[in-house]
Amino acid sequence: MVELTVREALRDAMAEEMRSDADVFLMGEEVAEYQGAYKVSQGLLEEFGARRVIDTPITEAGFAGIGIGAAMAGLKPIVEFMTFNFAMQAIDQIVNSAAKTNYMSGGLVNVPIVFRGPNGAASRVAAQHSQCYAAWYAHVPGLKVVAPFSAADAKGLLKAAIRDPNPVIFLENEILYGQSFDVPDSADHIVPIGSANVVRPGSDVTITTFSIMVGKALEAAEALAGEGIDAEIIDLRSIRPLDTETIITSVEKTNRLITVEEGWPTAGIGAEISATVTERAFDFLDAPVLRVGGSDVPLPYAANLETLALPQAETIADAARKLCR
Amino acid sequence: MAGAKKKSKTTKSGVKQGGKAAVSRETLETYYREMLMIRRFEEKAGQMYGMGLIGGFCHLYIGQEAVVTGLQHALEPGDSVITGYRCHAHMLAAGADPRAVMAELTGRADGVSKGKGGSMHMFTPEGGFYGGHGIVGAQAPLGAGFGFANKYRANDRVSVTYFGDGAANQGQVFEAFNMAALWKLPVIFVIENNHYAMGTSVTRSTAIQELCQRGEAFGIPGQQVDGMDVLAVQAASEKAVAQCRADEGPVLLEMMTYRYRGHSMSDPAKYRTREEVSKVRQERDPIEHVRDMLVAAGHADDDSLREVDKAVKAEVNDAAEFAQNNQAPDAAELFTDIMAEA
Numbered sequence: 055m056v057e058l059t060v061r062e063a064l065r066d067a068m069a070e071e072m073r074s075d076a077d078v079f080l081m082g083e084e085v086a087e088y089q090g091a092y093k094v095s096q097g098l099l100e101e102f103g104a105r106r107v108i109d110t111p112i113t114e115a116g117f118a119g120i121g122i123g124a125a126m127a128g129l130k131p132i133v134e135f136m137t138f139n140f141a142m143q144a145i146d147q148i149v150n151s152a153a154k155t156n157y158m159s160g161g162l163v164n165v166p167i168v169f170r171g172p173n174g175a176a177s178r179v180a181a182q183h184s185q186c187y188a189a190w191y192a193h194v195p196g197l198k199v200v201a202p203f204s205a206a207d208a209k210g211l212l213k214a215a216i217r218d219p220n221p222v223i224f225l226e227n228e229i230l231y232g233q234s235f236d237v238p239d240s241a242d243h244i245v246p247i248g249s250a251n252v253v254r255p256g257s258d259v260t261i262t263t264f265s266i267m268v269g270k271a272l273e274a275a276e277a278l279a280g281e282g283i284d285a286e287i288i289d290l291r292s293i294r295p296l297d298t299e300t301i302i303t304s305v306e307k308t309n310r311l312i313t314v315e316e317g318w319p320t321a322g323i324g325a326e327i328s329a330t331v332t333e334r335a336f337d338f339l340d341a342p343v344l345r346v347g348g349s350d351v352p353l354p355y356a357a358n359l360e361t362l363a364l365p366q367a368e369t370i371a372d373a374a375r376k377l378c379r
Numbered sequence: 563m564a565g566a567k568k569k570s571k572t573t574k575s576g577v578k579q580g581g582k583a584a585v586s587r588e589t590l591e592t593y594y595r596e597m598l599m600i601r602r603f604e605e606k607a608g609q610m611y612g613m614g615l616i617g618g619f620c621h622l623y624i625g626q627e628a629v630v631t632g633l634q635h636a637l638e639p640g641d642s643v644i645t646g647y648r649c650h651a652h653m654l655a656a657g658a659d660p661r662a663v664m665a666e667l668t669g670r671a672d673g674v675s676k677g678k679g680g681s682m683h684m685f686t687p688e689g690g691f692y693g694g695h696g697i698v699g700a701q702a703p704l705g706a707g708f709g710f711a712n713k714y715r716a717n718d719r720v721s722v723t724y725f726g727d728g729a730a731n732q733g734q735v736f737e738a739f740n741m742a743a744l745w746k747l748p749v750i751f752v753i754e755n756n757h758y759a760m761g762t763s764v765t766r767s768t769a770i771q772e773l774c775q776r777g778e779a780f781g782i783p784g785q786q787v788d789g790m791d792v793l794a795v796q797a798a799s800e801k802a803v804a805q806c807r808a809d810e811g812p813v814l815l816e817m818m819t820y821r822y823r824g825h826s827m828s829d830p831a832k833y834r835t836r837e838e839v840s841k842v843r844q845e846r847d848p849i850e851h852v853r854d855m856l857v858a859a860g861h862a863d864d865d866s867l868r869e870v871d872k873a874v875k876a877e878v879n880d881a882a883e884f885a886q887n888n889q890a891p892d893a894a895e896l897f898t899d900i901m902a903e904a
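Residue numbers (our numbering), protein chains in the order written: chain C, 55 to 379; chain V, 563 to 904.
Only chain C is shown next, with the shape it has when bound in the complex:
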C-alpha cells in the first residue's frame, strides 16, 4: 500500500494506462500546460507530450464530439471537463452520440471513451458550479456511471473505465482531490465497474451513498455507534450499473434503509434505490426507506445556507435515529 491523494491516484491511473496503451490520450481545458485546472494531470504533458495530452479551447460540445468521433475511430480518449457543470454544454454529444451509437448501429460502432471531472458542490461556488449529475447520467442506457470516494477506488475505477469499450461517466469531487488514502501499489489494481463496497459493516440500518457523502456517512456512523445504532455503510462506487445485490443483501440483514446523496432528491439515486428495494425486498423492510439529499433548491452562496442545503453527517445521523427509534 502507498498513501496517495485522490488527485495523485487519478493521475497515476491515467499515466499507467497511457503507458500501456498508445491509443489512450487525454484532452480537455487546461489539462496540458496548466497541468489541469485542479492539477489532476500534473506531469502528464511532460511524460507523454502534446500529441497525447491536449489542451482544448473552451468549447465543450466541440471537444466532447471530437473525442467521441476519435473513439468511434478506435482511439480511447479521456475527456476532462473542468467541472461536470460545463458538460451540460456537451450533454447532447454524451447522450445522443456516445451512449446510443452502439445500440443504434446494432453493435457495429462502439464508443470507448471516458468523460471525467469534478461533480457536485465544491465550496461556495453557488448554483451553476455545484450540481450533482449522477442521476442525470444514471438515467441513460448505454452509459456507465461511476463516482468513487477513496483514492484506491478512484485509481482502480478509472483504470477500468479507460479499458471499458463503452462510454463511462467518471464523477470526481473537488473536495476529495486533496484527501489521502491507502492505495494498492500495483499497476494491476483494478476495481470492476458495477460493484459496491461495504465500507462499514453494521446490523441496524443500511446507508447507501457515494462520492464525498461516503465520508459524511462514516462520520455519522461513528456518532451513531456511541448511541447503540450500528450502521452499515455501502459505498455504491458505481451508479450505473448499480450493484443492487449488495444493497438488497444488506437490507435483508438490517431491515432498514437510508439513501444519501448530495444531489437533489427528486428523481434521484435515492429514489431509484428506494424503488428497487421496495420492489425486490419489501418484505424485509421494517420501516419506510428514507432519502437524504441536497435541499430542493439551486445551491446558495452564503456559507450558512450552503451548509444547510447539503447533507451533513448530523443530517444523516438524525435520519438513522428517526428510523431506528
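All clues stand as given, with none of them false.
Covered stretches of chain C, going by a simulated chain V footprint (3 or more residues, C-beta under 8 angstroms):
#	segment
1	121 to 134
2	139 to 153
3	212 to 220
Facing chain V, a subset of chain C residues (Cβ under 8 angstroms, in silico):
#	residue
4	Ala115
5	Gly116
6	Val163
7	Pro195
8	Gly196
Worth flagging that the hints you see were computed from the coordinates, not collected in a lab. Nothing here was measured: the structure is a model prediction, and the numbers come from that model. Think of the CB as a built atom: it goes at the ideal place given N, C-alpha and C, for glycine as much as any other residue.
Using the hints provided, position chain V relative to the given structure of chain C.
Below, chain V without anything else, positioned relative to chain C:
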C-alpha cells in the same frame, strides 16, 4: 502551408469546372449507374413508406445524387465519411448491401443495424461510413474526431464530414471548424446546400448566404461547387482530398444541390412552388446530365441505357422484396447491443 495561418481562399466554381476534363466512358457509366441506383432506391423507399412498410422519419436524397457519388470517388479505403439523418445514399455509396439498407428501413432482423437504428441511424464501418446521425449538426465534431484520429495515427487518411445548410447554423459546427483548423485536422467539411432546412430557406435563416465563406474566420478555405454536376463534385473533392492528405488542414466544400422531395416523407413542401422544383428537375437533373454526356459522346443510346435502368430496378426490387419478407427482429434483440462487450 499552415491552415491556421494561411489566409483562406473562398472560391466559387461554375458548372463547367469538372465537365471540361476528359472523362472516360467507364467513369461516366459508373456514375450513371450509381446515381440511378440511389434514385431508384429512394423512390422505392418513398413508395414503401406510403404503403406503411417504413415508419418514422424517412428523408430522401432524390435530386442530390451527384454529391455523394462524386465525392465517394475521390476517396480511398481507410477514409471515413459521416453525415446527418439523410443517409441512405451515403450507405449505398459506401458499398452497403441495398438489401440490408432497405431491411433497416423496414425495421427487420437483417437490417444493417438489426432494425434498431432505422432510416436515420445506419453505419457501415467496413465501407468507412460512420452514420447516420439524427441530431442536426452533431456529426460535425464527430467527423472532426475522425480527422483527429487520423492525425493522431499519422496516417494520411481523410474524414469527410457532411452536413446541410440548416446544420451550418449550429454552434458546434463552428466549434468543430475552430479545432479542425487549429490542429490542422484532415477534415473535408461538406455542406450539402439544398436551399431548405426543412421548410426554412437559406434566405430566411442565414445572414450571409455564401456558406462556402463560413470557414474563413478560421482560415479554412472554402469552395462553392455545382452539386448537380457529378464531375464538378468529383474534381473539387479530389483537390480537397489532396490538400488534406498533404497535411494542409481542413477544407470546406459547399455543394449547391437541390432535393426534389420534401424534407421527409411527411413534408408536403408548401414553402416552395411546384414550378421551382420542376425547373430544377428539367434543367439541372444530375442523372440526366450524365445521361446526356454518355449519349453525346456516343457511349450510350436509349437501348443501352434502358438495360442499365432495368438492372438497377431489378436490384432495388430485390432489396425491397427482401426487406418486406425479412422477419422482424427477435424480441430478445431488445436488450442486446446496449453495451459493447469487452
